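Q: In order, the protein sequences belong to chains Y and Z.
No gaps in the numbering here: position 109 of the first sequence is 109 in UniProt numbering, and each next residue is one more.
No gaps in the numbering here: position 173 of the second sequence is 173 in UniProt numbering, and each next residue is one more.
What the hints contain is simulated information worked out from the structure, not anything from laboratory work.
Keep in mind that a hint or two might mislead.
Quick partial rundown of chain Z residues pointing at chain Y, CB under 8 Å, derived from the structure [what the hints assert, rightly or not]:
(1) R49
(2) T51
(3) E81
(4) A236
(5) A239
(6) E245
(7) V247
(8) E248
(9) N250
(10) V254
(11) V255
(12) T263
(13) T264
Cut-off 35 Å, straight-line C-alpha distance, at most; resulting in silico cross-link-like pairs (DSBU-like, lysine-lysine) [unchecked claim]:
(14) Z/K386 - Z/K338
(15) Z/K84 - Z/K399
(16) Z/K438 - Y/K123
(17) Y/K123 - Z/K399
(18) Z/K386 - Z/K352
(19) Z/K84 - Z/K386
None of the values given here were measured: they were computed from a predicted structure.
Each residue gets a CB set at the ideal place from its N, CA and C atoms; glycine is no exception.
Chain by chain, the residues:
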Amino acid sequence: MLGRTARGVFWMARYLERAENTARLLDAGHRMALTRDEAISTEEWRSVVETVGQTQSYQASHGTYTGIQVWNYLLREKNNSQSVLAMVENARTSARSVRTALTREVWEAINESWMNLRDLLGKPVREANLGEVLNAIRRQATLVRGAVEGSMLRNENFNFFRIGTFIERADNTARILDVKYYVLLPSLAWVGSSLDNVQWDSVLRSVSGERAYRWLNAGAMDPRGIAQFMILDQRFPRSLSFSLDKVRSNLAGLAHQYGQETSAHEQVRGLGSRIHHLTIDRIFDDGLHEFLTDFIATNRQVALAIERDYRFYA
Amino acid sequence: MSSKPASYDEMFYPNGAVRPGYAGYCHWYGQQDPSVLRRKSQEAESFFRTTGITFNVYGDNAGEERLIPFDMVPRIITAAEWRKLSRGIEQRVRALNAFLHDIYHRQEIIRSGRLPQRLIASNAAFLAQMVGLKPPGGVYTHIVGIDLVRTGPDEFMVLEDNARTPSGVSYMLENRETMMAMFPELFSRVQVCPVQDYPRRLAASLAACAPPCAGDRPVVAVLTPGIYNSAYFEHAFLADQMGAELVEGNDLRVVDGRVAMRTTQGYQPIDVLYRRVDDEFLDPLTFNPTSILGVPGIMDIYRAGKITIANAPGTGIADDKAIYSFMPEIVEFYTGEKPLLQNVPTWRCSEKDSLAYVLDNLAELVVKEVHGSGGYGMLIGPTSSKKEIAAFAAKLKAKPDNYIAQPTLALSTVPIMTKAGLAPRHVDLRPFVLVSPKGIDITPGGLTRVALKQGSLVVNSSQGGGTKDSWVLED
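Build the full structure now, drawing on both the sequences and the hints.
A: Rendered as structure tokens:
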């Protein structure tokens with residue numbers, strides 16, 4: 001497999017994952033805005049932009065945080081190189097450049113996603129059709145994932161796709177938790193007091209975890225419980241622990257095929273064993289923000305090691 | 001149309017009766033509901049869009065991907081017609097390879113006085129770097145496309161040779177795929193020679209040309225300029241179908257005396273490079289120094305016999321239209337046989353008498369640049385205004401060597417599906433030919449290009465032409 005092809009598959013997966021997560025965040029933000037007063041919803045929209053790391057670029061062209069501005073900016077605005085539309089385009093461009101590494105099903109799913117979303121996002125998104133647009137983004141991502149699951153050989157191509165997916169997902173979940181925790185909660189004194197369930201609901205919703213969490217916890221909203229769920233729960237497919245485990249097993253798949261491990265394996269093992277031995281109380285004692293910042297940085301290091309070890313660039 | 005000689009229609013006799021080759025198809029067609037067929041035609045377009053069978057357009061909307069229009073009425077060639085054609089094609093391809101070998105070695109054909117020296121010496125497509133070089137297996141044009149036109153029941157003529165980089169084979173394959181998906185029952189009624197094994201044959205043919213240093217399973221890679229190239233879809237498609245790597249210039253470098261590709265596990269040598277990058281960009285150390293599409297030093301490895309480049313650099317000389325005009329002599333010189341396939345009569349404007357004739361008859365002729373392709377830079381006399389003709393005459397007089405002229409042929413027609421039903425349109429045919437030391441392999445059929453505008457003779461996709469599935473009937 002060419003290093004450039006591995007890079008293309010890896011980034012295709014990351015762009016798709018990021019586009020999908022942005023749609024989730026917007027969905028959560030919108031739900032919040034519907035039920036809250038304006039001040040809180042402004043904060044919510046601000047936090048959405050901050051979570052995707054685009055505060056600076058957003059503020060360069062927008063003075064205020066209204067829903068319609070934020071979702072149009074994050075979904076489709078031309079001057080935003082990180083919009084969902086741009087990411088889907090990037091994913092498709094990556095897919096085109098590695099066309100031979102994909103099955104026809106996967107390529108068609110990506111190409112179709114791009115064609116549909118390009119049409120849907122061709123004009124400004126009004127509130128009336130926001131739900132439809134966000135649903136379409138998630139549905140298209142699901143379609144691609146399904147095509148990958150159902151048609152791709154379980155070889156290096158598949159491994160790089162999965163590693164890209166879960167590196168990106170771990171990053172996104174960590175950011176959501178980090179930003180939401182600090183932006184949304186007026187103070188940590190809220191911890192243990194009567195909680196604003198809607199706000200917590202928004203956090204869970206942005207990782208599509210609200211139902212699973214409620215089912216597991218009989219509906220009780222508790223910040224430690226939610227953090228535990230999003231960081232440590234091995235059953236939840238968007239938790240850090242779950243994502244990390246997938247990165248680890250797919251890296252193991254590569255080592256198996258290539259007959260050797262690389263520095264990325266070492267790093268992921270290190271990160272994995274640290275998380276494995278952690279409890280949520282320990283994380284809170286040491287500081288959730290510090291933990292997440294460190295996690296995001298290490299996760300990034302893993303991605304860089306993969307790029308280097310597998311010769312993504314000449 | 002009425003001012004021109006009547007064209008030969010491949011489906012119908014002048015009295016409206018169906019020709020034998022089309023009997024099976026027309027019988028089926030008569031039983032179809034026209035509205036269903038129209039819907040199928042739209043389905044075909046969406047099928048092409050989803051599968052991404054597009055070509056990129058250069059110029060105003062650079063980067064935009066367009067579809068080549070596909071017409072659902074097949075172009076049919078009978079087994080007997082094909083047998084005759086393939087003998088002629090085989091002979092011509094043999095001659096082309098012998099010619100290229102000779103031109104880069106002893107140049108016997110020039111010594112014998114059959115071909116003027118200046119056609120080679122002054123030709124940009126002639127690569128001095130290829131002189132004396134022996135490509136692995138002795139093959140120059142591994143993949144050839146011979147463009148044929150038809151003017152009557154037995155009159156097939158070669159319009160041009162594509163020895164450099166014939167493209168379009170992916171359309172041949174996808175057109176068949178589409179027809180079989182849309183009308184499976186049709187293929188049980190009419191026995192059509194399959195084309196689907198072309199990629200497998202291409203892989204085998206390329207592997208058979210591998211250099212001696214290759215192992216039992218030669219490593220074949222397709223070199224593309226990248227996703228913005230107009231034929232990128234085809235490059236990816238062929239690599240995919242052959243199970244070969246699709247590489248770009250920056251994936252390759254010279255490592256330990258071999259051309260190697262950067263894989264996730266380090267550099268791995270390549271034995272055969274099916275390159276879809278022009279000669280000029282192939283090696284910045286030998287040709288265009290600013291090229292980033294090629295591989296620095298690949299020509300040294302090639303000279304050392306450690307890689308096969310398909311097609312060989314310098315084969316473009318055979319595509320030259322001035323050389324083309326000598327093809328009857330070339331075929332005879334190298335095969336010792338009379339050419340089985342005729343050329344279109346051609347006036348070389350470099351010759352004084354011919355130039356005078358061409359200038360006097362511009363309104364009747366088609367004039368082409370000798371190095372041109374894609375239907376650009378040509379004059380079609382009968383459809384041009386007086387002003388256009390005068391302007392072209394000035395260009396022609398200024399640089400007569402740069403042009404050849406041909407009569408405006410009454411190209412054959414095959415009907416296409418229009419809103420009003422079947423309507424005849426002009427077509428050509430590009431069969432694809434594979435060459436290896438093991439022999440010459442011609443895929444039955446090829447790419448039929450069709451001018452979609454009524455009366456138009458220009459079939460190039462860049463100029464609004466479409467394509468058809470091309471059927472060669474089983475015996």
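Q: For each hint given before, does the structure comply? Return the numbers of the non-compliant ones in rising order.
A: Structure breaks hints 3, 10, 11, 14, 15, 16, 17 and 19.
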